[in-house]
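Protein sequences, first through last, are from chains A and B.
No gaps in the numbering here: position 16 of the first sequence is 16 in the numbering used here, and each next residue is one more.
In the numbering used here, each number is its position in the second sequence, counted from 1, plus 138.
I should point out that these hints are in silico values taken from the structure, not numbers from a laboratory.
As the structure is a computational prediction, the values presented were derived from the model and not from experiment.
Any given hint might turn out to be false.
[Stated by the list, open to error] Derived coverage of chain B by chain A (criterion: at least 3 residues anywhere in the stretch with Cβ under 8 Å from a Cβ of chain A; other residues may be distant): (1) 141-149; (2) 266-276; (3) 324-333.
Where is the CB? At the ideal position from N, CA and C, for every residue including glycine.
The chain contents come next:
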Amino acid sequence: MLTDDFTAYAAKVNISLKEPVSAASIQKKLTTFLALIASECSDNGAYLIGHIKCVVESEKGFYASSITAPTDTPSVRGEMTDGSESLDVIVNVLLYGLDKVTVKQITKSAVPVALSFVDAEIKIWDLEDNENQPIHFG
Amino acid sequence: MDMIVIAGFLGSGKTTLVLSSVKDIYERYGKKVAVVVNDFGTIGIDGKVMEKYGLQVKELAAGCVCCTLGPSLLITVKEIYENIHPDIIIVEPTGIANPESVVAVLYQAEEEWVPEKISSVVIVDANRFPVLMKAFERPLKNQLNTSDFVVINKIDTVDETALSEIKIKIEELAPGKPVVCASASQNKNISEIVDKLVN
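With the rest of the complex left out, here is chain A (with noise of 0.2 Å):
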């Protein structure tokens, strides 16, 4: 099942937040970006997602969550309390139909719009790239 249309794309985001913010709020936050970006690379092309994954870490716990069609809710699991000052996310992206750099494209863009707190300072390293410099957001 390793086609020449499959791809697989990771990248890793840090979000520095001025105020502490709820477990609740993360999690929503967390499945609406998996969300938005299945239904993107759908939208452009993917005829089928393996999945997207996603782990967000916070010195107050953890989630990770997963979606394998634009369709579904994003599955969720991990225990976090409330008053994290800072998340680190990892996403994975493993479809089949859709080219690596729209891929990129699409995750990048989604963080800044699903991700986003107030005030908070969002940094995106790509984990495939030699180059490993972060895109700065915030």
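With chain A fixed as given, assemble chain B onto it according to the hints.
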């Protein structure tokens, strides 16, 4: 030492089944389990999640153990055998791996730590079965035929008619292959799967 290969397409629920199975193996059989996770991407998310749940995990990222990472798998298993001394090692290959190839790699082990028994299971996602069959019938048929038995997972997401159609298709693709219906996320029929893998 025994080994278990839990294979299945991307998103079929392998990691959830591993987490449930390890707990069940420990609670009902009292056996010590170590897990080897092989993620296709450069970052191993599944291994990270398992570690969060307290499992001893070795990750093999950026490749597939049934082909390019075969030698790394053998080295990793040997290290686990020598340092952790588990009763069972569970291998979760990538979602694109062929279980037969993974088992073949494991049987290349040196004599002093060759596994006494290797069981393999393929997980099928009930929810996406028709879509996956449409895209990858031949490789999925190969996966089904090269495992000891098949788990139809996520049965809570389909109705009886859809489940029946999946069973008929599996019987057509892999005649006589034992099938267990389960929902790993809801802990349904995990013990039945574990009994087949451990005994």
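A quick look at each hint next to the structure:
no. : hint    : verdict
1   : 141-149 : holds (count 3)
2   : 266-276 : holds (count 5)
3   : 324-333 : violated (count 0)
In this structure, the one hint that does not hold is number 3.
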